[in-house]
Structures are given as structure tokens and as C-alpha cells.
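S.K.: Protein chains in written order, with our numbering: chain A, 1 to 466; chain B, 1 to 466; chain C, 1 to 466; chain D, 1 to 466.
Some hints here could point you the wrong way.
One copy or two, it doesn't matter: identical chains are merged, so the pair holds either way.
[Claimed, not checked] Okay, derived cross-link-like pairs now, DSSO-like style, lysine-lysine, Cα gap no bigger than 27 Å in a straight line:
1) 193 - 162
2) 138 - 193
3) 260 - 193
4) 260 - 333
5) 260 - 338
6) 162 - 138
7) 202 - 333
8) 202 - 138
Keep in mind the hints are simulated off the structure, nothing from the lab.
Protein chains: 4
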Amino acid sequence: MSDYDLVIANGLAATATDTFRADIGIRDGRIVAIAEELEGGARTIDATAKLVLPGGIESHCHIAQESASGIMTSDDYYTGSVSAAFGGNTTFIPFAAQHRGQTIADVLKTYDDRAAPKSVIDYSYHLIVSDPTEAVLKEELPAAFERGITSFKVFLTYDLLKVEDEQMLDILTVAREHGALTMVHAENNALIKWMSARLMDKDYSAPKYHAVSHPRAAEVEAINRGIALAGFVDAPLLIVHVSTEGGARAIADARREGLKIYGETCPQYLFLTSEDMDRPGAEGAKFCCSPPLRDTETQDVLWRYLQTGGLQLYSSDHAPYRYDETGKLVHSKDPTFKQVANGLPGIEMRAPLLFSEGVRTGRISLNQFVSLTATNAAKMFGLHPQKGTIAVGADADLAIWDPDETRTVTAGGLHDNMDYTPFEGLEVTGWPVTMISRGRVIVEGGELLADAGQGTFLKRAPHEPA
Amino acid sequence: MSDYDLVIANGLAATATDTFRADIGIRDGRIVAIAEELEGGARTIDATAKLVLPGGIESHCHIAQESASGIMTSDDYYTGSVSAAFGGNTTFIPFAAQHRGQTIADVLKTYDDRAAPKSVIDYSYHLIVSDPTEAVLKEELPAAFERGITSFKVFLTYDLLKVEDEQMLDILTVAREHGALTMVHAENNALIKWMSARLMDKDYSAPKYHAVSHPRAAEVEAINRGIALAGFVDAPLLIVHVSTEGGARAIADARREGLKIYGETCPQYLFLTSEDMDRPGAEGAKFCCSPPLRDTETQDVLWRYLQTGGLQLYSSDHAPYRYDETGKLVHSKDPTFKQVANGLPGIEMRAPLLFSEGVRTGRISLNQFVSLTATNAAKMFGLHPQKGTIAVGADADLAIWDPDETRTVTAGGLHDNMDYTPFEGLEVTGWPVTMISRGRVIVEGGELLADAGQGTFLKRAPHEPA
Amino acid sequence: MSDYDLVIANGLAATATDTFRADIGIRDGRIVAIAEELEGGARTIDATAKLVLPGGIESHCHIAQESASGIMTSDDYYTGSVSAAFGGNTTFIPFAAQHRGQTIADVLKTYDDRAAPKSVIDYSYHLIVSDPTEAVLKEELPAAFERGITSFKVFLTYDLLKVEDEQMLDILTVAREHGALTMVHAENNALIKWMSARLMDKDYSAPKYHAVSHPRAAEVEAINRGIALAGFVDAPLLIVHVSTEGGARAIADARREGLKIYGETCPQYLFLTSEDMDRPGAEGAKFCCSPPLRDTETQDVLWRYLQTGGLQLYSSDHAPYRYDETGKLVHSKDPTFKQVANGLPGIEMRAPLLFSEGVRTGRISLNQFVSLTATNAAKMFGLHPQKGTIAVGADADLAIWDPDETRTVTAGGLHDNMDYTPFEGLEVTGWPVTMISRGRVIVEGGELLADAGQGTFLKRAPHEPA
Amino acid sequence: MSDYDLVIANGLAATATDTFRADIGIRDGRIVAIAEELEGGARTIDATAKLVLPGGIESHCHIAQESASGIMTSDDYYTGSVSAAFGGNTTFIPFAAQHRGQTIADVLKTYDDRAAPKSVIDYSYHLIVSDPTEAVLKEELPAAFERGITSFKVFLTYDLLKVEDEQMLDILTVAREHGALTMVHAENNALIKWMSARLMDKDYSAPKYHAVSHPRAAEVEAINRGIALAGFVDAPLLIVHVSTEGGARAIADARREGLKIYGETCPQYLFLTSEDMDRPGAEGAKFCCSPPLRDTETQDVLWRYLQTGGLQLYSSDHAPYRYDETGKLVHSKDPTFKQVANGLPGIEMRAPLLFSEGVRTGRISLNQFVSLTATNAAKMFGLHPQKGTIAVGADADLAIWDPDETRTVTAGGLHDNMDYTPFEGLEVTGWPVTMISRGRVIVEGGELLADAGQGTFLKRAPHEPA
Ligand SMILES: [Zn+2]
Ligand SMILES: [Zn+2]
Ligand SMILES: [Zn+2]
Ligand SMILES: [Zn+2]
Ligand SMILES: [Zn+2]
Ligand SMILES: [Zn+2]
Ligand SMILES: [Zn+2]
Ligand SMILES: [Zn+2]
């Protein structure tokens, strides 16, 4: 056998199903050999006592994206991808958001310009479709699918984004016909607006009332509706950021009936609660996201759905707005809950939190960790087998974890462009210490070794129902 | 890299999660390298256009076992293992059945004598415990676990086998303490006896009334009870041969609540129905098994539970009784349903049927096929990572499948010691054409190349809840 | 004891809970005595071998009402009330339908003019609210409630009628504050429009495609949404004309959780199926109603929910459109399913069908029959104890049934202004032979003895959650 | 109209469906007239500002009964019936308990001797069948049914009482054939014994561990099993004293599927919790009953099932054992939980507690109160229409309640033969102040006016599925 550009030696490797001690041989950016012992590496990294895992795939994050109300996220494709890489990821799929009136081609052009020169890891986009005109449905979306952008998100809430049920049926049908996957932010817009107005009327306006204004019923209703519509046209549908027991159960029930329904949850719903919003002054704003944080009982339930496959994805929903006048406080230093930009940062902490609280506590196996951080997303979004696993022929996207390293989370220790982290002060054990993207070491010894723009756009395959 | 004893070249390999084109290098009975290209094999098998899969693990079969009423199965460890091998399996786990009064040591001695000289593939046993005396619970079972026999089955039905609820609690507790897995044949004995007596009273005695005498309610009740007992002591429990929607749902519901409950179903419940028992004369006896065959609606439901993970195992429950005076007709040429030995043969057809009707129809993916035929059983029964996957360090137990070969099932074409197959006449596409056990080719070109007794007893690890 | 205007002697009387043999003494239009034997009646009707039941309350019917597209029902308050009376009813509550732009006062004025001079039985209205402006919500509806019109219906479907979710929340809240009951026609408008357009595109336009265009999913989705909204503001909600298992289950589940949700079904969903629409030419139009007819399996399910209290009301949804150019064929002699006015007549057959197929078959008790035809509606709609029962102090509204009289249903034998009945040819046993309204005999010997306009408007009490 | 022996004038009467102001005329022990105004009563009771309700039917109580271990209840048919009468009841149905080896005829003879000379109110028995021999099933039970004893209870727990599943099937079948109703104490015997032994082993023996030894799982399992067996033979089954959400849900689910399953709960599960057992020393013994007390969350759930008809009966399960050496302390002054006689007294407080906490709080209507205290039991147990309602022809069994009278519960204020009440100190509003049995005043002004033995044995009709 010929030589390798790089050999990862002596580590304990894991896929979504297997855990094995092996050397991994890399050539031309791909894994070409997995063996008991490999020699002939131009470089060899000794991974003794380390875990060698597929690089994480962060499939839900907001990067260099203006919100519907015009606020730009604090992270661009450079800081966002760097933070992702330090958090164990080698691929991410931010959103390319259509604002009403825009063509899809324009949207993609905009995001190509933002991503290509900057990203240090491979990337794709999910489109956000807010204006499903006939041109969009018949020509522009199919063209995007053709380009390998085979998933897109719609919203059932937010006045500037939401699609109506009939549009949703059209969208789902187009997606089904082209093998694309529809993702949905499922909250009932009316319930939220109605409740928000009531709260504001009574001067319950502090950030913490954000949680009250987005009741569980709003999520459960919209998830049920989304399932009904997708089930009717037999199209796959991914419910993102599930935060309620009722929502998770509806998804699992639909799956049991044979529908192609998927669900995602996020670290904030596993590790934070609405009590975190009960901070003095405006500080609750740091914890405002939609759907909002819930309670510890719900955390337990969501863990169970992750464990038993009722929910398939675990993503950060990284939506970075600084706690300053560019972000959370853009409208006021003392904002009402309606003025706070929704979203929490978390791209770098997603995998470490799951490792520490999931694998080390025995809640999930190491293989389930791989599934939840990499493989399931790769399969869901048409990246497998190129991404999301350790197999011959796959891209050499690897995360070498030290399972025993303990760190205390601080905003300063993270690499995003944020001034706070909602996970401040947590103690976490297990960290990705060396990151390899297409065979190239991009993080090592706490240093970034990658160049802006070295990440590659990924043309993704159609969604295959699993 | 050094040489290999055997290289499987150019095949499309699959694990429970990945599918990749690679060469597989084998040395000393184990997989030592997986690479784009491997040279230096003492022998190389060209698997172009073939699938290279983990050898199947048949985890529910009755071999060289006397029934409680004394009838010996037609297959011994030679014919049974040969048939298993021709059906794509490299490991099987028959039962070592305690009859009341026997010590566990005696039982194991008996089965060691039956298995060791004869099996052509690796094997272990599940114990059957019918007499859970204090000695059995406190000393004999723990000793068996220590020997690596870390699972055992109990019955909630059959007068000569059944354990009472209080015994069940003791058994489950002992199992939990030692990391062993309890399996249960869950049917309500009273319902069956009561109904059987009523049927016999009215001369509804033909074999086909077997189905009526084992109503769905009997299974559902016993599954619910088993779950209640196991849940109470927080012990893992595997419900074997689930044949009802109510049963499957109870299992999936329990899992959703976080209980360590598992479920298995079998080919007969996916591919046959109770109408198959409606044959003239005694021929219905060929289709008598417990629980009995149900209907096509239930088949669809069981498929869905397999697809979505509500059921985790797919086993043959091979229980071979010939259609002659040594088996089905032992008591009479015109037996009543109570005189018919219960059980169907199927060890050789299990995997091919699932491939043909599952993978080729798109009902399940190739990776799910690997999970259901090999990986899940390996994990459930403490054989992983030695068995059940293709990974560096694993035993070189491989099945090379021709995905396009079509055969018509006939009893004569199978290698068990049976005179009929319930699947006679089915057309099946996809067959395991070359079988490799610990790096040694045991089936090739339709010929057996293995020696009786070359299979090895497997010391299994404790059960780990998944 | 003093004399009576009328004594009903020797009958077997029944209420929602009791069945008893007694004489009933009536004075000044009310029941003043119930006793083993009463003398001194100015008139005595001998009810030997007859049942004496509370007069039925028909709480869902469309009388003298223009549809949103402008077609007037064939029945006015004279023919409608006469037909109701011959069908065993002494009270009905048609709809007073707001068209967008109308004030509620104008609506009520219109219907007062239509009803007061004509109705032969007592009546009230449910409003239909299609334009919930602030004036309507804050002033006009409360004024109507004050007048004793304490229930109203909204639609989640039909472009000219539907209310949006946020309006629905406002409406439910106003209703809750005033003790009014919201009723809802729950079908998802988008699903229906989307499917209808698809069907028309492909020229599946015959009347029978009406059933396909209103899928079960549309009803189940809207019922779930209605429950979510009502549950959120803790307001009572009555789902009318439930036609699906999924809908009935959602209602029963909500009730089990303590929500004030109620459900109604109708004779067409118990006695007809979508196969009745499969008639040649335009005849399927005679069976077009919304939601559409379903299947026999659903019939069984709906019976069970009526039996066990999961559904509480049984109404005709009498919506009479003749099979001619004034009704079903108004747009064309060969109409598409979109051109057919939706609705079936049934006000006269409602109770007899339930008696014949419910009481006589043993599916329900005579007391359940009374509940479903009279008492439950009286309680739900604020008419109890004045109406809906046989008790001292109640209005003397009575139906004397001959439980053994068998008739064959023909359009000609009914008293509405229709030219067909969907129940043509059914044989029915048990008929109301004498009808008494406020102590006055209005039907006897097959003759109408009432005067147009003798019916009285009923000021209803607020809804009390049951 | 002729005169009356007694007239109850000016009260507000209520049945299970109606509430009306009327005078009630009684002659020869029966209600013969209900009218706006009645004159000519030999005696007239003015019930102004009072409620006139059907006398309560206490259908689950243990009177003059030896437990399986031989302890006699403290109440005999005199004290028991007097206490029942003071608590608003005019009928009770204690148990006639078969001990193994006894014939049913002997059992009935024993209880006739105990009841006939003593009871001040009408009575029947439910048999307890602990020894279902063929003679019992084929001859003795049918003979008892013929005598009008059309219901009987079996136990799935207690070694000396329990029936096996196969016996249960025989029993249910016999009951179905004769129109009798089977009642079942549903707890899994094995779970209780197994857990009790574990607790005793570890010296967790104080009375409060009784609750731990009877886990919820034991009840839920046995209820599921009971439903499975009854559903299989399509026989009616009443689950007594339901104390768990899982049990109540299983019953309601079975009903929804059309099975003839009924459920009962008791005041102790609505008004007490297992924390009441946490008293110092032996005092926890006062609160030991089976199934044990649960928690406040379960109380809320059971209320909901009562409100929505998922549970149909509300009985005291009065099982009076004094807190002395004749009862709770018979085996020891410091008994273990296994030595404590199980059971709580409550026959006198059943109805007042439900009135105070149910009707006055608005949880249930007055009509539901009548259903739960009288009508439902009358219908379930073949006593309707003679008992359980206010209707012409019914027995004049009436309870006149003062809805505003407030009392504080004390053991001394009750009329049973107990030395404690578990409801000591509760403040309750609404009391039955005058009791009338077959037209005879038996309680008035706090005095008993009845003679021992004036109560009559009631021959009951077969059970009719409702
Ligand atoms: Zn979102
Ligand atoms: Zn997001
Ligand atoms: Zn079995
Ligand atoms: Zn078996
Ligand atoms: Zn409608
Ligand atoms: Zn209508
Ligand atoms: Zn009991
Ligand atoms: Zn009892």
C-alpha cells in the first residue's frame, strides 16, 4: 500500500454504530484506509487515549444573516466557521434567507459572497423561503435543488416570514417532487401575537415575558398542523427546535404511523430553563429565543426522545446577537420582550455539552453521540457518505476528542463573535482538541491553522426518507 | 503494510450506518484493514457487483432441543449451523433448555456436548429457565453469566415451562444485578388453555384452530404484564416473537417512557398469515407456531415498527419439526391443534426474505438490513464489537451477497433437516453466495467448505441497555 | 288538586335518566303534575302502549338562510318548523347568519322577521359570525347575548365565512367572558381549496369528488387547532358535525384533560357513506354535504363515541337545497362538485332514525335517546330546565311515540319543502305520532294542528360548562 | 286525587338529569305524585331552602364481615346501616364473603342472619367468590343470581382470596350468561408480595410502608389484565377502588373501544394522600387501605375521570377496623404494615364530602352528585328504577339536604362503631338532615327514628350494560 498524507494513529474511533481501535490513513483529503496499523504517513498524529470521531455537522445555525427585522448576526462565515471548528464541527449548514421580493438566485448570490471567501470549514445552505411565488416554486427552488441545495426552511410564525397553509401544501409538494426536505419553524403565529398583545397591554413587557408569550400550545398546535399537511401530501418534513413534550410526542406518533416526519431539538432546551430568563434588568434578554426555554421536566422528556429515536437531530440553532446595541439591545437598553432579537449562540458548545452531559453520564452511547452530532444530519441533508462518518472513501473530516479534559465555559474562551454565552460557568468534560477538515489540520493546540475561505461549498444529494 | 490471509476486494460493504466501496483485509481470523485498495492477500476474493455484509446473527432458534413434551427438533448443531450459514449467518444463539429438576450446569453440559463437535459457525446459548429455584437464582445462573451466557428466556405460558409473576420478579432482579438480559415468551397461559378447552369441547380441533386458541389478547396481556414487572424492578426485558399490533405498541410506548424494553419479530409474522393454516387435512400443522400467524394488516404494522425502531430484532424462531411422525405428526397422522408441535423452520430464509422484501422494495435501507440481521443482535447479546459489524478488530465474519440473484424457495434447496418449508414457492431476489467465518470461507459456489465443530463457543459480555 | 288543561295518561314516560309509567298533568302550557293517576283534565290523551318523551330539540339546522354564495334554503320557518314537529321536535335553533358588513342587530332583525310570523314551534337562533369587528366583539355580540342568544357559530373554512386564528382567540375570549358558547365548523380551508384545485385541474369534477376534496385530515387538523385555541383561553367550544375518528378522539381526549370541549355528530354520518355519492350523473349531488360522508367503519366509531359520551350532541344539520335549479342544480344541470350547494335535509328523520337504529337495536337506551335528541341540547344551549325534559315546571313540550309503528321513508311522506330525502327507502320503526308544544297539540293523526307563528322566541340562559 | 301518607313540600328536587321545585307525594312507601303543589298529606315536611335528593346507595362497604384473616369489622348491620342513613343513604350493598370451602348458600344464610334483624335501610349483598369450584360456578352462583344477588366480587390479590386468570375467565363467562356483574379488586399479588418481602427484609416495616408495598404498577397491571380477560369473553367488569391515573385511563380507553368496563373510586383517593400515613408510631395504621392512598396529583386526575364519566361509581369502601386490639392493632400495639388490617371507615362521610368538595366548589353539578351517590349504582346493580331516583313509582327513599349547614368532622359526631375517622377535623358544608326510607322518616333532627330490621332485602335485576 502506498503512502498517506496523514495518519491518525492509536485512537479509539467511533461511528454511529461501531467503536474500534484503528489507525486512519488519509490521502487527498479522503479516508483511504482504516487498519490496525498504518505506516507511511507523511505526518502521523498520535491519538492515544483520544477519541477519533467524525467531524460534527452543525445543521441549524444563523450566520451572516439579517433577521426579518434587519438585524445582522454577530457572526459572519469566518467567526462562525471558526467557532464551529473549535466546537468539533467540520461542516455547517447555515441559512440563506429570502426576504420577500427577492429571487432565490439573488439570495444564493448574496450568501455565496458571504460564505466563499470566509468559511474555514465546508458548508452548504438551507434556503429560507418566505415568498413562495409561482416563479419560486416552479423555477427558482428547483434550480436551487439542482445546485445541490436540497433543503429549505419555512416559518409558520413571524409576520414577515410566515407561509399560509395553502402555500405550505404547494411547498411540500414541490419538495416531494424534487427530493428536497422541508424544514419548519412551527409555532402558531396567532397565539403568539394575541398573547403578546395581552401581555403588553398589561405592561408585562420585561424580557422574561417572552416565555409566556410563546406558550407550549403554540408549538404543539403548529407541529400538529405541519404534520397534517405533510402527511396529506406524503412529503417529508423536519420540525426544527422542538421544545415541548406535546410536540415531541406528535412527531414520534406520526413516525409510528409511517409518516416521514423528523424532529430536532437543541442544547438550550436540554440545558437551560425559563428560569434563566428571570435575571434582573435586561439580562433576561440573553436567554430569549423562539421557541422559548421551558422547564426541567421537559428536559428529561427531550432526552428520552433523543435516546429512543423519536427526535433525530440535535443542533445549536446558533443565532448570535450580542448583548449590546448591535444585537439584543438594538432597540433599547431596556427592551421589551418584543424588542429583543430572538436567538442564542451555541455553535461551539453544542457537541461538548452533549458529550459531557450525555456520553459521560451514560444517557447516550458514544455511537449515539456520533449519530446526533454528525451522522444523522449527514443522512438527513444529503451529505452521506461523503460526510458524517469514518469510512473508506469519506472525506477526512475528523474530530479528535480528549474525553477527559475538563473546562469551564466562559464567553472569552469561545471563538464566536459574541460577548456572552448562555452556558457561562458550566463545567464540561470532554473537548475536541484537534480538528481535521478534508485531511488538513485546522485546529490544534488551541490554535486555528485554517485559512479563511478554505471551506468548500457542498453540493448535496436529494433527501432520502430514512 | 504486511500481508493478509484473505482480501475481499471491490465489493460494496455495509454496516448498520455506512455503505462504502472498499477492500477488506483479513489476518488471523480478524479484519485488520479496510482500504480503497489492498494488496498482498494470500487469497483474494473478487466481490465486484456484490455486497459485503457482516455475517448474520441468528439469535432465536431451537437446535438439538427437546420440547417440554419431549420431541427433539429435527436439526442438530450440524444441520442447523449449516443451514444458518447458507442463509447468510456466521453466528447463532440457540437455546439451552432447562427442564424442571435439572441444574443449569447439567443443562449447559448437555448442550456443550451437542454443539461443540458439530457447529460449523460460532455459537452461544440463551438459557431457558423453567425452574428458578433459589439455587438457580443465587448460584447457577450467576455461574452461567460468568461463563459468558448472559441472556436467558422464560415463558409466561406452557404448563411445564411457565414462571409465575413472583418468580419473574426474582429472575428479573437477578438478571439486572448481573447485567444479564431476560427474554420472555409472552402469552397469557390461562387465556390459551381456556380457549383451547372450549374449542376442543366443540370439536374445533383441526390444526387451523391453533390460531383461534392463541388470541391476540393473550399476547397483548402478557406483554403488558412483562413490561409492568420489568419496569417495576427497572430490569431490561426482551419480548420475543411479537405478533400483534397491541404488543408492538406496548413495547414502543414503554421505550418512550424510558424503560429498557426490547422487541423482536420474525419472518413468519411478516410473510405468512393465519390463512396459510387453512389447508386441507393435517397440512395446516405445517404453519402452527406460537404465537400464531395473524393477518396482512398486522404485517404492515410490524414492518412499520421495524422501520422506526419500535422493534429491534428480527429472528427466525427456527423450530424445526418435520411433517412426519418425528415431528408435526408425532401424536397422530390427523392431529388436533393441541397435538401439533409448535414451530416453523426458517433459519436459512430469514435474511434472504428480509433482503428481498425489505431492501429491494425500499421498505428498509441496506443499513437497516444489517442492523436487523446482525448488529442489533450483536449489541443486545454482548457480542459487539467482535461480531455483527465490519470494523477493524472485528472477527472476519462476512456474508457476500449477490443482490440480483433470484431463486425460488423449495424445501429441497435448503440445508436444514426438514421436509418442508413454509415459504415454499416464494420467489426471492438477493442471496448470500459466499460465507466467511473468522476469515475462513465456509460456503462458496453452493458448497459447504466447513468442518463440523469448527465453530467456537462465544463468551458473551453483559447486556448493556441501548 | 285542581284541574288540568290536558292530561297525558297511561304512557311510559322517559327522561335522560328515568323511565316511568305516569300521567302527566299540564296547565298553562307547563307540566304541573306527574303522578300515578291524574284526573280532571279538560282533555285527556290516552298514551297506553306509547312512549311519552320530551319534545326534541333540533339544535343544528339551516332555515330561511342564504348561503354565503346567496342560495336560499328551500325551507322557511313555516315548512322547517312543521317538518321538525312531524319529526318529534318542539324546539329548534336555526342559524342567524351574518354576512360580512352586516351588523348583528340587522342580522337578528332579518331573522326575527323570518321566524316570528311563521314558526309553529319554539325557536331561538345561533348567530353565525363571519365578520368579528371590534364593534361586533365589544358591543353587538354582548347585546345579542343579553337578548338570550347565547351561542354562535364560526367557520374555519369557506373563504367568505372563515375566521383567522387570532380572530378566533378574540371570539372565544368574548364568549367566555359573557357565558356564551362558541360553535365551530372545523375543516382546514387550505387543505380543501388545495385539493379541490388539484381535482378540478385533472377534471375530477363530478359531485362524488366532493368527498375527496374534503379529506379527513382537513377535519382532524381543524379540530385539533380549535381545541388548542379554546384550551389556551379556557373557553368552551362545541365542534359541530364531527365525521372522523380522529376528530372524535381529539374531542374525547381534550375532555379527559378537563377542557370544556364538546362534539356533535349527525344522522348522515351514522346512516350514509360516501358510496351514496357514487350515483350516475348529477345524482351524487343529493349527498354532498360538508364534512362529507365517510365509511361504515367510521359509523361504528361515531356510534361508540355517542354511547360513551365522547360526543354529546346529535343534530340533523338540516340544510335543504332541492334537487333542482333553486338548489343543488342552481349553477348547472351537470354541476361540478364545487358548484353543488352543500347540505342534506334531515330535520324530520333525525329522531326516528336514532330511535329505530339506536334504541330498538339496543345500541343506546331510551334514556340516552332522550339525552341525544333533547336534554343535552337543552343544557348545552341554556334552555334547561324549561325545555328538554319531563319535569314539574318545564314547558309541556312532549312527543308521544308509537315505538312499534313501521314506516318506509319517502320524500313525499315528509313535511319539509324538499323534493328528495337522502334516506329514501329506509324502513324505520318508531314514530312520534302526537306532538304537544306548551300544552297545545300541534300534530295528531298525521295532521298539523298548529298555526303559523304560534312558536315563541326563547331567551336562552348562558352556557354552563357540564 | 286521593291523599298521601307524606308530602315533601317546597323543596328543590334533583335527579341525575333534572333540578326542579316541586312537592312530592308519597303513598304506601312509593312516590306517587310530583307536582307544583300537593295537598292532602297525612304529614307534610316543609323542605323550603332544602334539597330533596334520591337517597344515596352505598354500593361498596364491608359490614359484619370477617376478613380473610378472621378479623370482624367493627360495624354490624345495625351500626353500619345507621351510619349510612345519617350519611344520606337509604340503600347499601355490603359483601357476603365466601371463605374457601363454604357453599354460597351457607354464605348467604350467614349474612341473611346478620342483616335481616338489624338493618335500618334496604340492602342487598354482593357475593365475594374466593372458591369458584364447578359447583359454585354451575349451580350455586346461578342460584344466587336467581335470588336477585346479581353481582359479586373477586380478588386478583390476597393469597386466601385470589382467583387465577383461568378461574377468572370461567367466572366472567358464568356472569355474562346470567346477566350478573363481576367486580374485581385489581392488584397484582406477586408485585405486592415481592415488594413486601423486600421491605420487611430491610426492616422497613412501619405502617407507612404499606403504601410502598402496593405500588401503582400493581394496580395498573391487574386492571389491564382484568380488562383483557373480560374483553376477551365480552363480559362486563367493574374495577373497584381505582386509585391510579394509569388504571383510570385503562378503563376509559377500554370503554372507548366499546368494552363493558366500569370503574369506581372512593373518597379516600380524592381527599387523602399517602402523606397522611406519615404519622408517628402506629398512627399511620389508621390510613392503611388497599390500594393505598396516593398523591394530590392523582386526586385531580380522579376528579376529572369522575367529571367526564370515565369512572362511574363513587363508593366509600367502608371497611371499619377500630384503632384498638379488635382492629388495626389486633396483632400488635406496634404493628408492621403487614399486620395492619386494611381498610378505612367512611360510609357516613362519603356523600357529604362529595357535596362539599364537589358540588359547592363547582367541580360537579348537583345532578352529577345524584348520579355518583345514587343513580349510577342503582343502574349498575339492578336496582333502578325502584331505587336511585325521584320518579313516580320509585320507592320513596329520599334525602333532604341542607346545602348550607357546615359541620366539622369528628369521630364522635359519626354514628358508626369506630373510634376514629380519617377525615377528622375537615370542615364540610352541606348535610343530609332528614332521611326517608320507603316513605318513613328514619332520621330527623339528628335523631334516629328507625327500628332495627326495618330495612328490606332487595331482589336485584340482572346487570344491563350501560
Ligand atoms: Zn426557528
Ligand atoms: Zn433557527
Ligand atoms: Zn416462544
Ligand atoms: Zn422460540
Ligand atoms: Zn357546517
Ligand atoms: Zn350546518
Ligand atoms: Zn378491595
Ligand atoms: Zn372493599
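S.K.: The structure should be examined with respect to each hint, and the outcome stated for every one.
M.R.: Hints, verified against the model:
| no. | hint | result |
| --- | --- | --- |
| 1 | 193 - 162 | both (13 Å within a copy, 19 Å between copies) |
| 2 | 138 - 193 | between (32 Å within a copy, 19 Å between copies) |
| 3 | 260 - 193 | between (30 Å within a copy, 24 Å between copies) |
| 4 | 260 - 333 | neither (45 Å within a copy, 43 Å between copies) |
| 5 | 260 - 338 | neither (35 Å within a copy, 32 Å between copies) |
| 6 | 162 - 138 | within (19 Å within a copy, 29 Å between copies) |
| 7 | 202 - 333 | within (21 Å within a copy, 58 Å between copies) |
| 8 | 202 - 138 | between (46 Å within a copy, 19 Å between copies) |
When the structure is compared with the earlier hints, violations turn up for hints 4, 5 and for no others.
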